[in-house]
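Same order as they appear, the protein sequences are chains A and B. Taken in order, the first sequence gives residues 5 to 147; the numbers are from the working numbering. Taken in order, the second sequence gives residues 178 to 310; the numbers are from the working numbering.
Among the hints, erroneous ones may be present.
Derived BS3-like pairs (lysine-lysine); straight-line CA-CA distance at most 25 Å [stated by the list, open to error]:
#1 B:LYS302 / A:LYS17
#2 B:LYS257 / A:LYS17
#3 B:LYS257 / B:LYS302
What the simulated footprint calls covered on chain B by chain A, stretch by stretch (three residues with Cβ under 8 Å from a Cβ of chain A suffice, anywhere in the stretch; the number is not a length) [what the hints assert, rightly or not]:
#4 182-194
#5 210-222
#6 244-250
Listed next, with one range per pair, are the computed distances between beta-carbon atoms [claimed, not checked]:
#7 B:HIS294 / A:ALA11: 19 to 25 Å
#8 A:THR95 / B:ALA230: 46 to 52 Å
#9 B:ALA255 / A:ASP61: 31 to 37 Å
#10 A:THR53 / B:SER244: 26 to 32 Å
#11 B:GLU218 / A:ALA44: 30 to 36 Å
#12 A:ASN69 / B:ALA230: 34 to 40 Å
#13 A:PRO73 / B:ALA181: 24 to 30 Å
#14 B:ALA217 / A:ALA11: 15 to 21 Å
#15 A:ASN7 / B:ALA230: 40 to 46 Å
#16 A:ALA35 / B:VAL258: 33 to 39 Å
#17 B:GLN205 / A:LEU10: 27 to 33 Å
#18 B:CYS304 / A:THR53: 30 to 36 Å
#19 B:SER216 / A:ASN7: 34 to 40 Å
Derived by calculation from the structure, the hints in this document are not laboratory data. Computed from a predicted structure; not experimentally measured. For each residue, glycine too, the CB sits at the ideal point set by N, CA and C.
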Amino acid sequence: MDNETLAVRAELKAQVADIGRALSINAPAGAPAACIATRAIGVCAEKRTAADAGGADAQPYTLANLQDPSAAPTIAKMVTVALDIPGIDPTVPVEAVLFSSTMDLHGTGSQVGSAGRLTLTLTLTLTLTLTLTLNLTQTQAQT
Amino acid sequence: MDSARAGASVSFLLLQGGVELEVSGLPQPLQLTLPVLDSAELHRSCVGQPDAATLLARMVGGSPACSSSLECRYWDEAEKVWSTEGCRTVVYNEEGGVEEGVGVAGGGGQPSCECTHLSDFVAVKACLPLTLT
């Protein structure tokens, strides 16, 4: 994988974390997951108390396949009690972000000259998504 | 070994106050199902790394041996490669237990990862080397 593709991957992940923050920052702990989906990505963010974020009895985190509702959802189960994870502050809620991408950075991103176009497309898509998400969050906060 | 991505990549992040947590060395592994683009692939391929005894038993029993396997890989940030190191490919049943028969073709179960760290994950279809000696 070339350096440009690695840069695209890093940018994608950073922007997804931003979207996850935007989706969960104003949510109360325990609220249903907030999700968005485009043709290329799906993101769900959920805030829980640290005590409820993990453990054998904790609810798994799910990400529905919004492009194909008949497909099985992606499920992540944090079996470890979150309070046992080093660095966790037990008094602060935990935001979990589950993200899926159909973009093939092995193939498309590795082709000569394609990484720049992919970066531009990705940046525009995610910036637009993030802007819409922030507007939605502000609208919800006002109402 | 030839391999190709079989589905979307999945990432799982934990944050506190908007700051991403570095999570590794979990006492209990994270359990994560992985999407597969072509559901027919679940019946054509083995899941996980079938051992030689499983493959031999299927050949002796008259069942077709699988020539490819769906396995979980994670993105190794240090080596910049998709890796299986330290992760286990499993199939969960409806009760959440690990399904018997991992490594057997035609099970139809969803490939899943058990890893002790958070990262980017993907299901990869890997060709199994079939050698007659």
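Here is what the structure says about each hint:
1. B:LYS302 / A:LYS17: holds, 24 Å
2. B:LYS257 / A:LYS17: OK: LYS257 (chain B) and LYS17 (chain A) at ~15 Å, within 25 Å.
3. B:LYS257 / B:LYS302: OK: LYS257 (chain B) and LYS302 (chain B) at ~19 Å, within 25 Å.
4. 182-194: holds (count 11)
5. 210-222: holds (count 5)
6. 244-250: Since three or more residues must qualify, the claim that chain A covers the segment 244-250 of chain B is violated, with 0 doing so at under 8 Å.
7. B:HIS294 / A:ALA11: 19 to 25 Å: holds, 23 Å
8. A:THR95 / B:ALA230: 46 to 52 Å: Holds: the Cβ-Cβ distance is about 51 Å, inside 46 to 52 Å.
9. B:ALA255 / A:ASP61: 31 to 37 Å: holds, 34 Å
10. A:THR53 / B:SER244: 26 to 32 Å: For THR53 (chain A) and SER244 (chain B) the Cβ distance comes to about 48 Å; the hint is violated.
11. B:GLU218 / A:ALA44: 30 to 36 Å: violated, 21 Å
12. A:ASN69 / B:ALA230: 34 to 40 Å: holds, 36 Å
13. A:PRO73 / B:ALA181: 24 to 30 Å: Given a distance of about 26 Å, which is inside 24 to 30 Å, the answer is holds.
14. B:ALA217 / A:ALA11: 15 to 21 Å: This hint is violated: roughly 35 Å between Cβ atoms.
15. A:ASN7 / B:ALA230: 40 to 46 Å: holds, 43 Å
16. A:ALA35 / B:VAL258: 33 to 39 Å: holds, 38 Å
17. B:GLN205 / A:LEU10: 27 to 33 Å: holds, 31 Å
18. B:CYS304 / A:THR53: 30 to 36 Å: violated, 46 Å
19. B:SER216 / A:ASN7: 34 to 40 Å: holds, 35 Å
Hint check: violations occur at hints 6, 10, 11, 14, 18; the rest are consistent with the structure.
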